[in-house]
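Given chain A, work out where chain B should sit, using these hints.
So the chains spell out like this:
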Amino acid sequence: QQQVKQSPQSLIVQKGGIPIINCAYENTAFDYFPWYQQFPGKGPALLIAIRPDVSEKKEGRFTISFNKSAKQFSLHIMDSQPGDSATYFCAASRTSGSRLTFGEGTQLTVNP
Amino acid sequence: GAGVSQSPRYKVAKRGQDVALRCDPISGHVSLFWYQQALGQGPEFLTYFQNEAQLDKSGLPSDRFFAERPEGSVSTLKIQRTQQEDSAVYLCASRPGWGGRYNEQFFGPGTRLTVL
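In order, the protein sequences belong to chains A and B. Going by the numbering used here, the first residue of the first sequence is number 1, and it counts up by one from there. Going by the numbering used here, the first residue of the second sequence is number 1, and it counts up by one from there.
If you are wondering where the hints come from, they were derived from the structure by calculation, not from laboratory data. Ideal placement from N, C-alpha and C gives every residue a C-beta, glycine not left out. Each hint should be verified, as a subset may be incorrect.
Here are the computed lysine to aspartate or glutamate pairs in the DMTMM-like style, where the Cα-Cα straight-line distance is at most 25 Å [what the hints assert, rightly or not]:
1) A:Lys42 with B:Asp63
2) A:Lys71 with B:Asp24
3) B:Lys14 with B:Glu104
4) A:Lys5 with B:Asp56
5) A:Lys42 with B:Glu85
6) A:Lys42 with B:Asp24
7) A:Lys5 with B:Asp24
8) A:Lys71 with B:Glu44
9) B:Lys78 with B:Asp63
Label pairs and their calculated CB-CB ranges [claimed, not checked]:
10) B:Glu85 with A:Gly60: 36 to 44 Å
11) B:Phe66 with A:Pro112: 46 to 54 Å
12) B:Val74 with A:Gly41: 17 to 25 Å
13) A:Arg94 with B:Asp18: 31 to 39 Å
14) B:Thr76 with A:Val54: 35 to 43 Å
Under 7 Å between C-beta atoms, here's a sample of chain B residues computed to sit facing chain A [what the hints assert, rightly or not]:
15) Gly42
16) Tyr48
17) Ala53
18) Asp56
19) Ala88
20) Leu91
21) Glu104
22) Phe107
23) Gly110
Just chain A, same shape as in the assembly:
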C-alpha cells in the first residue's frame, strides 16, 4: 500500500542546474514531511523537513515547497553539484505516530 508517490524515478542534470523531485501523499493525518539523502552503502540522512503550516522552507541550497490542498510537496536543489549525486527519498509521518512512510526514491546524477 503506497501512501507516498515520488517522481521522477531518475534525474540527470548538469552542474549548476536545479533538479526538482516531486511527492504526493494520500493520508491527511500526515503532518511531518522530511527528505532524506542516501549514498550507496550508507543509511538515509535527513536533509530538510517541513510541516504543513508553512508553504516553503529553505536550508542552504535545499528548498521544500508544500501544497497542502493538493497534498503534494517537492524538493528543489539550487546550484546542484556533482557531490549531490545520490538517491533522494521523500517521506511522511504523523507527529504523534511512529513510522516514516517513504516514497520510491529518485536517483539523481549531477554531471560536471
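This is chain B only, laid out in the frame that chain A set:
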C-alpha cells in the same frame, strides 16, 4: 558522538537458516525503528520500540520475523527460516524522543542480507 551502528554489515545465509541482526542506537535515544529496504526501493517500516516496549510490529512481514530490545538500548532483529524474498538491506534508526523537533530519525548504515 557515535551514530547508529549495525552489525554485521553483510550477511549471506542459506535458505532456511536463522539470522540475527544487531542495532546499537545513539546513546540515550528513546525510540528505535527497523526498516526493510529492497533493492531500488524506499525503506519500509517493520517495527518500533519506545525504550524496551515494542509498540508497533505491524510491518513485520511474517511470524518468522522477531525483534527485541530487552534493556531499552541495543536491539536485535531475528529472521527464522530465511527465504530468498528476505534478501534486502535492513536499516535501524533511532530518535531522541517524540514530537516537535525530536521527530528526526537517525539511520544506521544497514545490514545487507543475501539469502541463497
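Each hint, compared with the structure:
1. A:Lys42 with B:Asp63: violated (28 Å)
2. A:Lys71 with B:Asp24: The hint is violated at about 36 Å.
3. B:Lys14 with B:Glu104: violated (36 Å)
4. A:Lys5 with B:Asp56: holds (23 Å)
5. A:Lys42 with B:Glu85: holds (22 Å)
6. A:Lys42 with B:Asp24: holds (16 Å)
7. A:Lys5 with B:Asp24: violated (31 Å)
8. A:Lys71 with B:Glu44: holds (21 Å)
9. B:Lys78 with B:Asp63: At roughly 10 Å apart (the allowed maximum being 25 Å), B:Asp63 and B:Lys78 satisfy the hint.
10. B:Glu85 with A:Gly60: 36 to 44 Å: holds (40 Å)
11. B:Phe66 with A:Pro112: 46 to 54 Å: Cβ of B:Phe66 to Cβ of A:Pro112: about 47 Å, so the range 46 to 54 Å holds.
12. B:Val74 with A:Gly41: 17 to 25 Å: Holds, at about 23 Å.
13. A:Arg94 with B:Asp18: 31 to 39 Å: Holds, since A:Arg94 and B:Asp18 (Cβ atoms, about 34 Å apart) stay within the stated range.
14. B:Thr76 with A:Val54: 35 to 43 Å: Holds: the Cβ-Cβ distance is about 40 Å, inside 35 to 43 Å.
15. Gly42: holds (3 Å)
16. Tyr48: With a minimum Cβ separation of about 4 Å from chain A (threshold 7 Å), the hint on B:Tyr48 holds.
17. Ala53: violated (11 Å)
18. Asp56: holds (5 Å)
19. Ala88: violated (13 Å)
20. Leu91: Interface hint status for B:Leu91: holds (6 Å vs cutoff 7 Å).
21. Glu104: Holds, because the Cβ-Cβ distance from B:Glu104 to chain A comes to roughly 5 Å (cut-off 7 Å).
22. Phe107: holds (3 Å)
23. Gly110: Holds. Min distance 5 Å.
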